[in-house]
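Chemist: Here's the letter readout for the chains.
Number of protein chains: 2
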Amino acid sequence: MKLYDFTQAPNPRRVRIFLAEKDIKVPVVQVDIAKQEHRTDAFANINPLQRLPVLELDDGTCIAESVAICRYFEEVQPEPPLFGNDPVDKALVEMWQRRIEMNLLAVVAAGFRHTNPYFAKMEEQVQAWGEQNLRNVGTQFAWLNDVLADREFIAGDHYTIADITALCGTDFAKVIKMRPMEDDNLPHLKRWYQAVSSRPSAKA
Amino acid sequence: MKLYDFTQAPNPRRVRIFLAEKDIKVPVVQVDIAKQEHRTDAFANINPLQRLPVLELDDGTCIAESVAICRYFEEVQPEPPLFGNDPVDKALVEMWQRRIEMNLLAVVAAGFRHTNPYFAKMEEQVQAWGEQNLRNVGTQFAWLNDVLADREFIAGDHYTIADITALCGTDFAKVIKMRPMEDDNLPHLKRWYQAVSSRPSAKA
Numbered sequence: 019m020k021l022y023d024f025t026q027a028p029n030p031r032r033v034r035i036f037l038a039e040k041d042i043k044v045p046v047v048q049v050d051i052a053k054q055e056h057r058t059d060a061f062a063n064i065n066p067l068q069r070l071p072v073l074e075l076d077d078g079t080c081i082a083e084s085v086a087i088c089r090y091f092e093e094v095q096p097e098p099p100l101f102g103n104d105p106v107d108k109a110l111v112e113m114w115q116r117r118i119e120m121n122l123l124a125v126v127a128a129g130f131r132h133t134n135p136y137f138a139k140m141e142e143q144v145q146a147w148g149e150q151n152l153r154n155v156g157t158q159f160a161w162l163n164d165v166l167a168d169r170e171f172i173a174g175d176h177y178t179i180a181d182i183t184a185l186c187g188t189d190f191a192k193v194i195k196m197r198p199m200e201d202d203n204l205p206h207l208k209r210w211y212q213a214v215s216s217r218p219s220a221k222a
Numbered sequence: 019m020k021l022y023d024f025t026q027a028p029n030p031r032r033v034r035i036f037l038a039e040k041d042i043k044v045p046v047v048q049v050d051i052a053k054q055e056h057r058t059d060a061f062a063n064i065n066p067l068q069r070l071p072v073l074e075l076d077d078g079t080c081i082a083e084s085v086a087i088c089r090y091f092e093e094v095q096p097e098p099p100l101f102g103n104d105p106v107d108k109a110l111v112e113m114w115q116r117r118i119e120m121n122l123l124a125v126v127a128a129g130f131r132h133t134n135p136y137f138a139k140m141e142e143q144v145q146a147w148g149e150q151n152l153r154n155v156g157t158q159f160a161w162l163n164d165v166l167a168d169r170e171f172i173a174g175d176h177y178t179i180a181d182i183t184a185l186c187g188t189d190f191a192k193v194i195k196m197r198p199m200e201d202d203n204l205p206h207l208k209r210w211y212q213a214v215s216s217r218p219s220a221k222a
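Chains A and B, in that order, give the protein sequences. In the working numbering, each residue carries its 1-based index in the first sequence increased by 18. In the working numbering, each residue carries its 1-based index in the second sequence increased by 18.
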């Protein structure tokens, strides 16, 4: 088994944190996106969509998509549960993980990818779309702050994959020069960020 | 229990098809997006993000996000399994469901929402982003056709939630005047579409 990873990208980090929470060790292969190593024919055999991360099993099966890789490990090692405990809890964790992914991580990513010159050579940018997302980022972090007003973690009273996605999204905002975790106007977000970023897994 | 639904929208249909495949009946409440009924304060109490579908349980718990609602029903009634059978299969179904959602359904939706005058009053459109997505739709259906070249269903040899998302995405393309399911250059997609759209659940 091996995990195709790129240390600087937010999505592979989601899997690394998930594995650290489960105390699972997996050999890692670095694929340098900056050097376009994900655009090679060799990597296209691992993931035709040429994205990271990818988990390759010993029989050659390749699982792409961060959440799908996490799901695999949740199934083979259920403890500690990071996708929820019972049918309602599992559904609510999935709801929150998706909301955070689409309304926070994707907004930061679109703002970054569609405006930063670094990506101009890699994809067809739409500047106006990037700018709209950049304008929305503040609203989205204010929303997350409100979500956290009445609960310890994003999906309720226990740490889940939704917190992992939110932590990676919050740290990723540094690339667009935003530091919501230091904003005194977002006290609930700040309290939550201090708790989740001080867990040993956050260093993964 | 009740399901907040809008018959004409693609996401609620995903849940209706899923329920039909499981032979589960749930009372339905129509929320007319065209009349902006999802923008009322009453509906904001059900889903603060004001999106459909939402499942309200008897204790008042509200589960939003199509896939999260489907997950709930998979947990309370596992048969027939629509999220996969074992850890590897579950991970691959999740991978395919996400790929189809982001690379097909989201592309059609962005093309529609950011270019159609109908949405101009409801959200801040970015015409160039809509047009880029409209240009990509053909490529994405060609990709789906290639995916289906060596398998009966999207995630392998059995029908799953990934097929439901793809069916809803393919039918939804009619709103942007595309009918990939009738395109003789996409024979695998056509064969798959005939199979999944002739299941009784497709009428849901």
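Watch out, some of these pointers could steer you wrong.
Said to hold, decoys possible - Derived DEER-like restraints, expressed as beta-carbon distance ranges: (1) R153/A x N103/B: 38 to 46 Å; (2) P135/A x D164/B: 31 to 39 Å; (3) D76/B x E142/A: 24 to 32 Å.
To be verified - Derived coverage of chain B by chain A (criterion: at least 3 residues anywhere in the stretch with Cβ under 8 Å from a Cβ of chain A; other residues may be distant): (4) 32-45; (5) 90-101.
Since the hints were made in silico from the structure, they are not lab data. Glycine is no exception: its CB is placed at the ideal position from the N, C-alpha and C atoms.
Chemist: Now, for every hint given, state plainly whether the structure supports it.
Modeler: A quick look at each hint next to the structure:
no., hint, verdict
1, R153/A x N103/B: 38 to 46 Å, "holds, 44 Å"
2, P135/A x D164/B: 31 to 39 Å, "holds, 33 Å"
3, D76/B x E142/A: 24 to 32 Å, "violated, 48 Å"
4, 32-45, "violated (count 0)"
5, 90-101, "holds (count 3)"
Hints 3, 4, counting from the list given before, are not met by this structure.
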